[in-house]
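Kindly generate the complete structure, drawing on both the sequences and the hints.
Number of protein chains: 2
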Amino acid sequence: MRQKVARPTIKEVASMAGVSTQTISRVLNERPDVSPETRKRVQEIIKELGYRPSALARSLIRQRSHTLGIVIAGLRYLGPSRVLSGIAAAAEEAGYSLLLQELPQFDENDIEPIFEALLSRHVDGIIWAVPQVGENRAWINHSALELSVPLVYLTMEPQTDISVVAIDNYQGGRIAMSHLLEQGYRNIGHISGPLDWWEARQRMAAWKDSLLDAGLDTSDKFCVEGNWSPVSGALAIEKLFDQYPEVDAIFAGNDQTALGAIHFANQKGLRIPEDLGIVGFDNIAESAFFSPSLTTIDQDQYNIAQLAVEEIIKIIDAEWQGIEQVEPKTILLPPTLIVRQSSLRGKEKEVSLSRA
Amino acid sequence: MRQKVARPTIKEVASMAGVSTQTISRVLNERPDVSPETRKRVQEIIKELGYRPSALARSLIRQRSHTLGIVIAGLRYLGPSRVLSGIAAAAEEAGYSLLLQELPQFDENDIEPIFEALLSRHVDGIIWAVPQVGENRAWINHSALELSVPLVYLTMEPQTDISVVAIDNYQGGRIAMSHLLEQGYRNIGHISGPLDWWEARQRMAAWKDSLLDAGLDTSDKFCVEGNWSPVSGALAIEKLFDQYPEVDAIFAGNDQTALGAIHFANQKGLRIPEDLGIVGFDNIAESAFFSPSLTTIDQDQYNIAQLAVEEIIKIIDAEWQGIEQVEPKTILLPPTLIVRQSSLRGKEKEVSLSRA
DNA sequence: CTGAAAGCGCTAACAC
DNA sequence: GTGTTAGCGCTTTCAG
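Going down the list, the protein sequences come from chains A and B.
Per the numbering used here, residue 1 is the first one in the first sequence, and the count goes up by one each step.
Per the numbering used here, residue 1 is the first one in the second sequence, and the count goes up by one each step.
Quick caveat, the hints were computed from the structure, so don't treat them as lab data.
Some hints could be false.
[To be verified] Derived coverage of chain A by chain B (criterion: at least 3 residues anywhere in the stretch with Cβ under 8 Å from a Cβ of chain B; other residues may be distant): (1) 86 to 92; (2) 141 to 154.
[As the list claims (entries may be wrong)] Examples of chain A residues toward chain B, derived with CB under 10 Å: (3) ALA117; (4) GLN202; (5) ALA205.
[Stated by the list, open to error] In silico DSS-like cross-links for lysine-lysine, where the CA-CA straight-line distance does not exceed 25 Å: (6) A/LYS314 - B/LYS4; (7) A/LYS268 - A/LYS221; (8) B/LYS314 - B/LYS268; (9) B/LYS329 - A/LYS4; (10) B/LYS239 - A/LYS329; (11) A/LYS4 - B/LYS268; (12) A/LYS40 - A/LYS4; (13) B/LYS221 - B/LYS208; (14) A/LYS221 - A/LYS239; (15) B/LYS239 - B/LYS221; (16) A/LYS268 - A/LYS314; (17) B/LYS268 - A/LYS268; (18) B/LYS221 - B/LYS268; (19) A/LYS40 - A/LYS11; (20) A/LYS329 - A/LYS314.
All values reported here derive from a predicted model rather than from experimental measurement.
Beta carbons: idealized from backbone N, C-alpha and C, even for Gly.
Laid out in structure tokens, this is it:
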């Protein structure tokens, strides 16, 4: 059974050491103006009592909590979790704690209470790591612009007034398409993500622009909207084959959609990559083990999360040093192509095991 | 550009309303002893100023923060993320905020600073949601038993002195094995998770006991240790076929390992489920779309997370009401079997699309 | 070098 | 009903 242990306060340490609380405070904060003997004695008593200062009381008086508010959505998906993991590592590294709020939905519009919960606990800054879906950016922009602490957007469309750190989804789409075109595919269809997502629109735009640049047709029939899920991928490819029978390759909005497409193609007896080339997006761990293994676009979400943390701490420190406004910055990270079997037509195939 | 907006304090509200801060406090806390007119006037001013009380100051004086400390590890994996999502939802529901600490490794042994970061911020309780790996339970037990706040373990071996909420992994393994045996498989191999994980050992024990109960052989050759990853699954099954050529079914430690095994079997031209039956564990979203779709064990991690939150709040409330020690409780949730194609031998196959 | 006084933003206990 | 005093646990003046 747990032994409830009360935490000693600075007062108890002081009376035990026979000095005032300020002296304890001085020792804690490593101020020079304490005699070596007093310092040593106090430190011993601190250790003996297991005393730790209250970060809460400190936050109150210093007006700085060394805590970051994180707003996130969709932790049941892999992407947001990886982002959160990156944030956690970077925050730990920088000596910040994390106050976490998960939105029940991506397009939650009642965000006042979310901010309130964070601000009333005196966070030093807020990272908004919610994908931009529908109009949810509008709501948050409205609230964010009159906020008492700095804010950084993660995974959102670049903007003028607030710092943004994101993956360059458009660039990623271009890379995927270049690869398919290089492999000789010419009838390339697209299974998009839900088009109220900014990321889905970016990837789709890259698909369309790539076809245009290559002098190819870009009829609406060549694109079907999915919802990121494997099942939507399977349904989408079926529809795609209906309305675009010549299709010889697919750029899928994400790996899970691609998986659904592969599943369908396998069942139809289509050979991948000979009859149909497929490229995904995300590079989820499983994608190296699909049958066939999936060529995809890797986005380093862990890394952008760290950049976001660094950025917000930079802003916090700047404002703390009296700089009233820090110039908003936009950081767009390019993703990279991971070539696997699903798109390698007529070339030497890699062995998936050796590079997973 | 963001407009830095200072938050008003209770003092400003008070002087604006021409009353003392005490009266504001009374209105905030909905005390009866305020005249209707005063109350109304104060409320209007609060709204006008956009005043919100500081949860920090409240925590300090009330000795209660309505904040839960969450210690977690492995957010890059799906399981812990789902757990966190469940915790977040339940905490939100109960009006608690979340202070998050992610361990850099599962078997991190320097946990003092982790606890310290949470306790110095006056969390009301701690949920330890780190899988039990190697000796990490020993370290935490040592620290946990003399803690100033309640603690609940999530996903850990039941114990006598502290409350635990977990999935019954052993039971899950038994269900998986019963299913394979019912389908007529008799040479059932196991690809385990890393055996320093408690969950991996539980699932393996279930595999062994099931074979014993069925009067079947349980040679060590029938089991290969993996590390949860698809690649380890592929390597493990190869080894398994080497040392146990008669194998006609595999109970995989998790879905990703099963995916690696499927990948290998497909490449070898083995038919699943005819030549080889496969059952996984976890029911990840992708598993319904493997080729063939994967029979697996579903564990409701979202749900156990909610139970853990409820449990710790119950303990917090109890201690708050003067009950010194609350009897530790163990909640073991049984997982459920999800039947798909990979194990359905000689029976009518479901169509994976229709039930995904 | 060290202590006393004041206060961060709020609330509990007691006056009036 | 409402104000005053005191104090949560700590730090920041400013004396001495």
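### Task
Take the C-alpha atoms of A/LYS221 and A/LYS239, compute the straight-line distance between them, and say whether it is at most 25 Å.
Holds: A/LYS221 and A/LYS239 sit about 9 Å apart, inside 25 Å.
### Query
Is the Cα-Cα distance between B/LYS314 and B/LYS268 25 Å or less?
violated (54 Å)
#### Entry: A/ALA205 as an interface hint toward chain B, with CB separation required under 10 Å
Since chain B brings no Cβ nearer than about 27 Å to A/ALA205, farther than 10 Å, the hint is violated.
### Query
Are A/LYS314 and B/LYS4 close enough, with their CA atoms no more than 25 Å apart?
holds (16 Å)
### Task
Count the residues of the segment 86 to 92 of chain A whose CB lies closer than 8 Å to any CB of chain B, then report whether that count reaches three.
Our answer is that it holds, as 3 residues pass the Cβ test (under 8 Å) against chain B, meeting three.
### Message
Would the hint linking B/LYS329 and A/LYS4 be met if the CA-CA limit is 25 Å?
### Response
Since the Cα atoms of B/LYS329 and A/LYS4 sit roughly 17 Å apart, the hinted pair holds (cutoff 25 Å).
### Message
So is the segment 141 to 154 of chain A in contact with chain B by the C-beta rule, three or more residues under 8 Å, or is the coverage claim wrong?
### Response
holds (count 7)
#### Entry: Hint check: 10 Å Cβ-Cβ cutoff, A/ALA117 to chain B
At about 6 Å, which falls below the 10 Å cut-off, the nearest Cβ of chain B leaves the hint on A/ALA117 intact, so it holds.
### Message
Would the hint linking A/LYS268 and A/LYS221 be met if the CA-CA limit is 25 Å?
### Response
Roughly 21 Å between the alpha carbons, so the hint for A/LYS268 and A/LYS221 holds.
### Message
Can you confirm whether the C-alpha distance between B/LYS221 and B/LYS208 stays at or below 25 Å?
### Response
holds (12 Å)
### Task
Quickly compare the C-alpha distance for A/LYS40 and A/LYS4 to 25 Å and report which way the hint goes.
Violated. A/LYS40 to A/LYS4 sits at ~29 Å, over the 25 Å cutoff.
### Message
Checking one constraint from the list: CA of B/LYS268 to CA of A/LYS268, max 25 Å. Satisfied?
### Response
Given pair B/LYS268, A/LYS268 holds - Cα atoms ~20 Å apart, limit 25 Å.
This entry does not satisfy hints 4, 5, 8, 10, 11, 12 and 16, going by the numbered hints stated previously.
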